[in-house]
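Asks: So the chains spell out like this:
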Amino acid sequence: MEEGDNLGEKLLMVRNLKKYFKGQNGKILEVLDGINLDITRGEFTSIVGPSGCGKTTFLRILAGLDTQYEGEVYLKGEKVTKPGISTTMVFQDFALFPWRTVLKNITFGLEVRGMRMEEAIEKAREYIKLVGLDGFENAYPHELSGGMKQKVALARALVCNPEVLLMDEPLASLDLQTRNMMQAELVNIWQRTRKTIVYVTHNIEEAVFLSDKVVIFSKRPTKIKDILEVELERPRDRFSEEFVRLRAKIASILAS
Amino acid sequence: MEEGDNLGEKLLMVRNLKKYFKGQNGKILEVLDGINLDITRGEFTSIVGPSGCGKTTFLRILAGLDTQYEGEVYLKGEKVTKPGISTTMVFQDFALFPWRTVLKNITFGLEVRGMRMEEAIEKAREYIKLVGLDGFENAYPHELSGGMKQKVALARALVCNPEVLLMDEPLASLDLQTRNMMQAELVNIWQRTRKTIVYVTHNIEEAVFLSDKVVIFSKRPTKIKDILEVELERPRDRFSEEFVRLRAKIASILAS
Amino acid sequence: FSAGKKAIKQIPVSCQPSWHHTAIYLIKEKGWDVKILGVNITLTVFPSGPPQMEAFGAGQHVIAYVGATPPLPLLAKGMDAKIVAVANTEGSSIIAVPEFQYTGPSSLEGKTIMTYPPGSIQYTVLMKWLTDNGVNVSKVNVKSGGPAEILEALRAKAVDLGFAPDPTPYNAVVNGYGKIVISSKDMVPGHPCCVVLMRGDFIRENKEVAVKFLALHIIAEEYISDPRNKEEVVSLLVKYLGISREVAENFPGTTNFQTDPRNKNWLNGMDLLCDELYKLGITKDSNGNPVRLAPKDIVDSALYGEALKLVPQIKKELGLP
Amino acid sequence: MKLRDMLLYLASPLLFILGWELYYDIFIRNPFVLAPPSKVFITFIILLSGRVANFFMPLDALYSLYHYLMGFSIATLSGFTLGILAGYIESFRKSIYLLVEIIRPIPPIAWIPIAILLFKLTHEAAAFIIFIGAFFPVLLNTSTGASSVEKEYIEAAMTLGATKTSQILLKVVIPATLPSFLTGVRVGSGVAWMCVVAAELFGVSSYGLGYKIELGRMYHSPDIVISYMLMIGVVGLILDRMWTKLEETLLKWRRGITWGRSS
Amino acid sequence: MKLRDMLLYLASPLLFILGWELYYDIFIRNPFVLAPPSKVFITFIILLSGRVANFFMPLDALYSLYHYLMGFSIATLSGFTLGILAGYIESFRKSIYLLVEIIRPIPPIAWIPIAILLFKLTHEAAAFIIFIGAFFPVLLNTSTGASSVEKEYIEAAMTLGATKTSQILLKVVIPATLPSFLTGVRVGSGVAWMCVVAAELFGVSSYGLGYKIELGRMYHSPDIVISYMLMIGVVGLILDRMWTKLEETLLKWRRGITWGRSS
Ligand SMILES: Nc1ncnc2c1ncn2[C@@H]1O[C@H](COP(=O)(O)OP(=O)(O)OP(=O)(O)O)[C@@H](O)[C@H]1O
Ligand SMILES: Nc1ncnc2c1ncn2[C@@H]1O[C@H](COP(=O)(O)OP(=O)(O)OP(=O)(O)O)[C@@H](O)[C@H]1O
Ligand SMILES: [Mg+2]
Ligand SMILES: [Mg+2]
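Chains as they are written, first to last, in our numbering: chain F, 1 to 256; chain U, 257 to 512; chain X, 513 to 833; chain G, 834 to 1096; chain H, 1097 to 1359.
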């Protein structure tokens, strides 16, 4: 791990971030209302918050997809002005390329990084196996179920092995079992590679299970309500007292 | 309630339903492998099962959207051959009309039923309030967050007040709180109107909280693993012993 | 093609699918070009005057068989070319739908006639004829169109009359949807029609070939005017113009194959055309100022005189009487 | 920003004019073959004023617009209706396919004899030629668009109770096809406007931009011909701007979805 | 099923022929004004055999195809390239907008003088006229398509590491634009093929379907003219089938997404 030595460095810095949208009818919608957040290299951060509070918007800003905001966002000390090679995002609505098969969707990131095609395919197959889509390599996105699409989106991002991984409810369409399995797998991958992950979820259990830090967003106009450190040993036991306590605490902060 | 007197009638009958897909590469994928199911008028049935097992496919067949299958499907004693006015579906991926605003998406079903526009709008506003989208009446779908889109899809179907409501993970993108609220609201509406509801979810707690009957699908090729009756009083207490027991039972059947 | 001093390899000539230009078809068909000039003529057939003159102006041909008016605007702008011989005079007719009651020029009043656009020979002849006969031209509805449109309009009875060069009128006659009511030779006797246009640099640099070509032209026109050769000419027209034998049988129609550019009557006609185009504002110099051309500016008859001298000898070479 | 845009918009016309002037000065230098832009500019202005007999450009433009409007509006209406039906109803599409595809490639000019036969030498005959030109682009774009409507919208509509074909057409297929239809309208408008020359070739009237181009050719005045070509271009540009504006208004909802804005 | 399709496909041509025959028999009854379908059928067969001097249809078709291929292939290539760039890069779109929109409406026939000037009387001159006709539909459809690519695909590509514009163009914009581009190709091919008549009007060669239509008009045989029109239609139909096949092959992935299949 080349970045290993920098562990602990402040990889992402968000300073007084404000964001509003102008609707087509001209009405202004304030979304983010002064967000301050530091994310350390190698950290697994989860964001929870009510629907429509601006989680997706926040990730998009971190990814450099949205640059119409006030305040500052730094990645490795540099202002984020456009999407870069070191950040990859898993979209809430998958955004699979309909003209590419499952396999070719997953090789996309490798192709643009200049990897040889055979090597890319080999690598992609690994991740297809990982998410359990064997046999669907040559299917087109519209031939997949909702959950399967989500798995492709996940594999497509993971295979790129970027420094920063932004994930927008990446397991929301999966059944409990697959979800639990993927959660474990994610922790596994994260522990092996020490990616920096920012993870949006509605599932508090998931947030506690996965992350070092849970950021709780308020309703619109959105501020950070609280940040909780999760200092449980991994692999975590969902039924441990501390786990359940943390879960309940987050739920109560969210509800307050 | 006009249908009240027919309560207990077998509204939907599925007999030995088999379904396979032919992929574009010619490979055949067996999905449903002999499903038999009766659904009584006024019943709330949930379907759970692993990702990709055919839940969406099953709903599509019930809705009359997919007629390429073996076996028989009857609605009110008649073969289902095309989408009918008495069945409405909430799609997993929302399928909102991008050229219509939130309000006009919701009035769609009323318009085609010939309701006067002012009346339709009034009705739609009611449901916008119900799902908590006040202020977004004139937004276009692309201006909404994932959860908000799902709320529109939900409201759009509910407002039609059809005999049969097919719902494909209609609350999956919502945060816990909204989700719980919407669940309660759904039970409320169902109790008032005694719709027949077939509900697909990955959330076992949700299935138990909502339904009279939980149908558990197996992996592909899919059969019905088990059907559990939930005979708890409504409103249900998620922390009651019986509730937790049922939840665990379903989880263990799914995992087996 | 290059019109340089060096020996030319071929002579690019253009013409139209009209029997006014039969001479050039004959020269090609009989191979007189190779026999007498020693080089091949390459013949390009244009459907109408404008593209033909556009190509000529761009230097793609050295000789053109063309109506007398299409070159005038270019000559006014100073194009280096001259009319060196006449191809024919007269040779157009007014055709009417069968039920038309023709009683003279005045019967055109209140009727619709289609002919070539203002500035064309037919248009000019028509106007002169009407005016000379005291017909108020504003009472005649004149539509613009080419031969194809004229026939189509007659067929559809969209017009009462059409005025077109041979062989178009015979098409209408033979096919039964038109009748000839008067020919241009009776409207404006001896009026100019088609001419042979030659580029100046070609005349200067290949004078010998140019003169020989003109001689061939004179011989060819004589040949086609000879009634004894009619059968041969009819076959030629069927082959080159793709018209039916029935139509071709009418050759030469009212066309007069006269070649001499020194003819007084013809020169007067040309002068009239020059005046007409000047009045219409069609002839302008390169700065846009109106130019009143005169026959002396545009006709080079010296070449014709030299060609005449060569005619007997060339006839002998060709084995003609 | 505004200035930068202006410069951008002017870049290509200016370059083109420069190239043309140079080409003329270096290779042509022959006023009866091609006119240099400077000359054309002056002629253009003069023709606008009507000071040249027979060549009063604004009047000609009006006549041409009249032909265009008649032919194009009928082409749009019928192309739209048939296109929607053909796109959505497969058996209808099949039943008109052969006829449409055999007639489509036949060029407008080739229809002149038929136009004369059917409509005599009227403005309607010119409109007919224009109709022929514009109809097929509208039809093709619309039917391709209508048959490419995403299944999920139609299915959603059906399960929401739109059981009648007319409802699906009106409320789903038509709005979803609008972008393709409007592209068809723009392409079709272009072709229609192009057809004015062919449509005015055969004596339907003594005015019209197309007729005057032919006349200009007869008179061998490249400056007049090019001025009229330019006028056709300018009017065409204005028409296109109008369609684009309409498109932008009708397709407001697409603004947030697509990458660039069509223009 | 097969039979039903056959009948569907034949419905409109047969109806059309019937209508034409009736129109002829009732209103015209004059073989020099309009040829009835029966007459045209016989003439068509005869013209195929070359038994009429100057009118050997297969040879003419070959010449016209040659002109078409030259002009259309260049139009497609350049229209595609410029269209993709113009659709994706806004400043490029703006910088070519004015020139394109002024030149676009100028009809191919009006370019004949320029074609003669630039290319003399060569096959290239005919190809140039065809190019003018086909270029703009391809350009317009492609650029509209490219500027309508859904934002989410481009954004997904960017965050997956496609940071270079060339990558975005190659891997996202081009495949996503393919459907529009191919519609443009079909429309453009139609217009290109339409332009053969104009392209062969001015003496580039003595063969060609367009040239022969003019010749047929001059010497006035409605049966020959209509036969040649039909031949243009039939060859156009074959060309269209080819493009449709290509489209279906390239757009296999769309089959499950859209409602009908484009055809
Ligand atoms: N393109 C846009 N134009 C206008 N408003 C927008 C746009 N995108 C998002 N919004 C608005 O911004 C707010 C935040 O949206 P965002 O998608 O970030 O929410 P979210 O927290 O991700 O919600 P969810 O959990 O439902 O996905 C919403 O109210 C939404 O309506
Ligand atoms: N149009 C199609 N063409 C080919 N295969 C398809 C098609 N639609 C679905 N399938 C296949 O059918 C299977 C069942 O899909 P379905 O969408 O019904 O699953 P699901 O149970 O709803 O899954 P999820 O919970 O992930 O939404 C999947 O394996 C999918 O790949
Ligand atoms: Mg979101
Ligand atoms: Mg599903």
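It is worth saying that the hints were derived from the structure and are not from the lab. It cannot be assumed that every hint is accurate.
[What the hints assert, rightly or not] Computed list of lysine to aspartate or glutamate pairs in EDC-like fashion (alpha-carbon distance at most 16 Å, straight line):
(1) U:K278 <-> F:E143
(2) X:K821 <-> X:E744
(3) H:K1098 <-> G:E983
(4) G:K835 <-> H:E1186
(5) F:K27 <-> U:E393
(6) U:K283 <-> F:E78
(7) F:K10 <-> F:E78
(8) U:K360 <-> U:E334
(9) H:K1348 <-> G:E1081
(10) U:K283 <-> F:E137
(11) F:K219 <-> U:D390
(12) H:K1260 <-> F:E111
(13) H:K1247 <-> U:E399
(14) U:K278 <-> F:E137
(15) G:K1085 <-> H:E1246
(16) G:K872 <-> X:D797
(17) G:K927 <-> H:D1101
(18) F:K223 <-> F:D212
(19) U:K385 <-> U:D468
(20) F:K223 <-> F:D33
Note that the structure is predicted; figures quoted are calculated from it, not measured.
Asks: Now look at each hint and say whether the structure bears it out.
Replies: Hint by hint, here is what the structure shows:
1. U:K278 <-> F:E143: Roughly 10 Å separates the two Cα atoms, so the pair holds.
2. X:K821 <-> X:E744: violated (27 Å)
3. H:K1098 <-> G:E983: violated (27 Å)
4. G:K835 <-> H:E1186: holds (14 Å)
5. F:K27 <-> U:E393: Since the Cα atoms of F:K27 and U:E393 sit roughly 12 Å apart, the hinted pair holds (cutoff 16 Å).
6. U:K283 <-> F:E78: violated (50 Å)
7. F:K10 <-> F:E78: holds (11 Å)
8. U:K360 <-> U:E334: Violated. U:K360 to U:E334 sits at ~32 Å, over the 16 Å cutoff.
9. H:K1348 <-> G:E1081: violated (31 Å)
10. U:K283 <-> F:E137: Given that 16 Å is the threshold and the Cα spacing comes to 12 Å, the pair holds.
11. F:K219 <-> U:D390: holds (14 Å)
12. H:K1260 <-> F:E111: holds (12 Å)
13. H:K1247 <-> U:E399: Judged against 16 Å, a Cα distance of about 13 Å means the pair holds.
14. U:K278 <-> F:E137: With a Cα-Cα distance of about 15 Å, the restraint between U:K278 and F:E137 holds, given a limit of 16 Å.
15. G:K1085 <-> H:E1246: holds (15 Å)
16. G:K872 <-> X:D797: holds (13 Å)
17. G:K927 <-> H:D1101: holds (7 Å)
18. F:K223 <-> F:D212: Judged against 16 Å, a Cα distance of about 20 Å means the pair is violated.
19. U:K385 <-> U:D468: The given pair, whose Cα atoms are some 27 Å apart, is violated under the 16 Å limit.
20. F:K223 <-> F:D33: holds (6 Å)
Hint compliance for this structure: hints 2, 3, 6, 8, 9, 18 and 19 are not met, and every other hint is.
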